[in-house]
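2 protein chains.
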Amino acid sequence: MDAIVDIAVQVFLRRGYDGASLDQVAAAAGITKASIYYHADGKEALLARGAGRALDALFAVLQESAAREGREIDRLKHVVRRTIEVTVERLPEVALLLRVRGNTSTERWILERRRRFDRLVAAIVKDAQLKGQIRADIEPGLITRLLFGMLNSITEWYRPGGGLGVEDIVAAASRVAFAGLE
Amino acid sequence: MDAIVDIAVQVFLRRGYDGASLDQVAAAAGITKASIYYHADGKEALLARGAGRALDALFAVLQESAAREGREIDRLKHVVRRTIEVTVERLPEVALLLRVRGNTSTERWILERRRRFDRLVAAIVKDAQLKGQIRADIEPGLITRLLFGMLNSITEWYRPGGGLGVEDIVAAASRVAFAGLE
Chain A
1 MDAIVDIAVQ VFLRRGYDGA SLDQVAAAAG ITKASIYYHA DGKEALLARG
51 AGRALDALFA VLQESAAREG REIDRLKHVV RRTIEVTVER LPEVALLLRV
101 RGNTSTERWI LERRRRFDRL VAAIVKDAQL KGQIRADIEP GLITRLLFGM
151 LNSITEWYRP GGGLGVEDIV AAASRVAFAG LE
Chain B
1 MDAIVDIAVQ VFLRRGYDGA SLDQVAAAAG ITKASIYYHA DGKEALLARG
51 AGRALDALFA VLQESAAREG REIDRLKHVV RRTIEVTVER LPEVALLLRV
101 RGNTSTERWI LERRRRFDRL VAAIVKDAQL KGQIRADIEP GLITRLLFGM
151 LNSITEWYRP GGGLGVEDIV AAASRVAFAG LE
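Quick mapping for you: the protein sequence lines, in order, are chains A and B. Using the numbering used here, the first residue of the first sequence is number 1, and each one after it goes up by one. Using the numbering used here, the first residue of the second sequence is number 1, and each one after it goes up by one.
Worth flagging that the hints you see were computed from the coordinates, not collected in a lab. Some clues are possibly wrong.
As the list claims (entries may be wrong) - To give an idea of the chain B side of the interface with chain A (calculated C-beta under 7 Å), a few residues: (1) Tyr37; (2) Gly149; (3) Ala177; (4) Leu181.
What the hints assert, rightly or not - These stretches of chain A come out as covered by chain B in the derived footprint (C-beta under 8 Å, 3 or more residues): (5) 63-71; (6) 130-136.
Stated by the list, open to error - Lysine to any residue pairs mimicking SDA-like chemistry, simulated, CA-CA at most 20 Å apart: (7) A:Lys126 to B:Ala179; (8) B:Lys77 to A:Asp41; (9) A:Lys126 to B:Lys126; (10) B:Lys77 to A:Gly180; (11) A:Lys131 to B:Ala179; (12) B:Lys131 to A:Gly180; (13) B:Lys126 to A:Lys131; (14) A:Lys43 to A:Ile31.
Note that beta-carbon positions come from the ideal geometry of N, C-alpha and C, so glycine has one too.
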């Protein structure tokens, strides 16, 4: 089952979720469409499993003690670092998650989980602002969107084995976001 | 023709480019598929026109005198501000541009133009580093990717008439990127 989800994620990324068919997933997996139905309840179920891996990993980050305890700014920095790590480790699944649009109920459910994640991060940003740890002249939801826009872009340009390590990205993103370019 | 491109962009965004058909574009435009072929040489041509609007507007920014003359950091700030303005003005076209994957020769041509734009911005970043105007401990290409990742995310969350103005986004993105959150 895990291997079929791996392949489905690749096919969805290559063809676009709307453009991809179960026939293409079956062909890429070298099995029949009937075999896929034995494992998963169709295309939406495969999307839910694929994007769900990314969502589960991201929500798990928020449960880590460094994301829950200590100064808010340090909790935020931990979430940023771990989001980068999860993105690199689960590159195809996070890329798929970020391309979900909302045409089906499964897609809308995925988008709703993404929004819940964003709200939880925005709450940390807001607390950090209230404590005077980060600048308070930008609305916390907007900071979260810009910050995660930066992190999410990793799925667009990161190539495993391309010479750029996770630590390089963590260092660069943290410097840009927290210290600024100037 | 312009109106058909408008509609094609919307259909491509809603269904995904791979998933969308010329029949759907024709139905959304209330015309026959034959009429579309009278104006444009098929689906790829409509994509080239739609994404081309965004690319033309972005390249035009780099031709503006404020993007070509003066201190490099100010040129970079101008490009950031104007990219945000173009993104908000041409929201559907920029969103479409950013979702292009590269399955067809038209898509690969669009990706090549995007990369050329990125290289031109990275050259400004590099010059600003050499002049000591921005931090030099991050590779210029990586700064450009993170910066534009932040700006490109606008297409994912900005809603026209949603209470957030272009100036709010310019102020927030500039503060985060140049001054930092801390």
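Legend entry - Hint check against the structure, violated hint numbers in rising order: Hints 1, 5, 8, 9, 13 not satisfied by this model.
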